[in-house]
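K.L.:
In case it helps, this note's numbering puts the sequence shown at residues 1 to 306.
Among the hints, a few may not be true.
Using 25 Å as the maximum straight-line C-alpha spacing, the simulated SDA-like pairs for lysine to any residue come out as follows [claimed, not checked]: (1) Lys199 with Val184; (2) Lys80 with Arg225; (3) Lys80 with Ile270; (4) Lys29 with Gln18; (5) Lys80 with Leu245.
Hints in this document: simulated from the structure, not taken from any laboratory.
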Amino acid sequence: MAIGIRKNNQQSTIINQQSNMNSLLRRRKLIQVTIFGLFRLSAAINGIALLVVVYFLVARGWRAINWTFLTQPPMDSMTKGGILPCIVGTLCLSLGAILVALPIGVASAIYLNEYARPGRLLRAIRIGINNLAGVPSVVFGLFGLAFFVVWLKMGVSILAGSLTLGVLTLPVIIGSSEEALRSVPDTYREASLGLGATKWQTIYRVVLPAALPGILTGAILGISRAAGETAPIMFTAAVFYTPSLPTSVFDEIMALPYHIYVLATAGTEIEATRHLQYGTALVLIVLVFGLNLIAIIYRARLQRRM
């Protein structure tokens, strides 16, 4: 009799445990479905917002896009003509910023991840980099004006603007490069060191090639931000109007973001140039997309080779 009672108690305990387990699994599944649904909703909202912006620009700016618009300088107080100096200036500034920021950013990430010892100094450096990433771009513009343009006497030029944009994109490149280096398995380093390679040889020949796709991701983000910034270049590189193309890094230039700002706020006939404003914005988006696409294709080829 007592044995039967104990068996019934054990069975009821097992049933209760199974019921609790099933309830817990259902609750976890519900939470998972809810969270994934929120993620999908967020992605859909971002995608819809992008499509709306692109449609808005295409609908309002396609009339301005023609061969003259892409190959001629502005004319008649910038109410006619094209934006060729702006396109060339934006390309010069974007590529110059990456040439400045990418080597310094990757070198900084290598030091932080491979050489620096954990401690207060390392934490302070990383906090400083994170804070630098949140500084408004206009502050970088004022810094570039005071340091590069005035103190170093570079003047309003491509070089001053590229250096300013390089400083602006540096935190993004350092962060993404450090994450890419951190994602490389330690077994790669141990195997290389075990074969007799030095630490630098291990980093240069093993770690960096494995982390290169992630580093290129940071470069893509850096190009995107450098090409679309207005405040830093309006103090250091861009001018209201110059029809000639640059011949050296010390020349002043026009740039697409600043040209849009000028047409929309300080132009002589703002309403008459409205289609030119949207057309310039559309060209800027296509230009940034093209630069990103080139970097993404190159990154994909590197990943296939690994």
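K.L.:
None of the hints should be skipped; say for each whether it holds.
P.N.:
Structure-based check of all given hints:
no.: 1; hint: Lys199 with Val184; in the structure: holds (15 Å)
no.: 2; hint: Lys80 with Arg225; in the structure: violated (28 Å)
no.: 3; hint: Lys80 with Ile270; in the structure: holds (12 Å)
no.: 4; hint: Lys29 with Gln18; in the structure: holds (16 Å)
no.: 5; hint: Lys80 with Leu245; in the structure: holds (18 Å)
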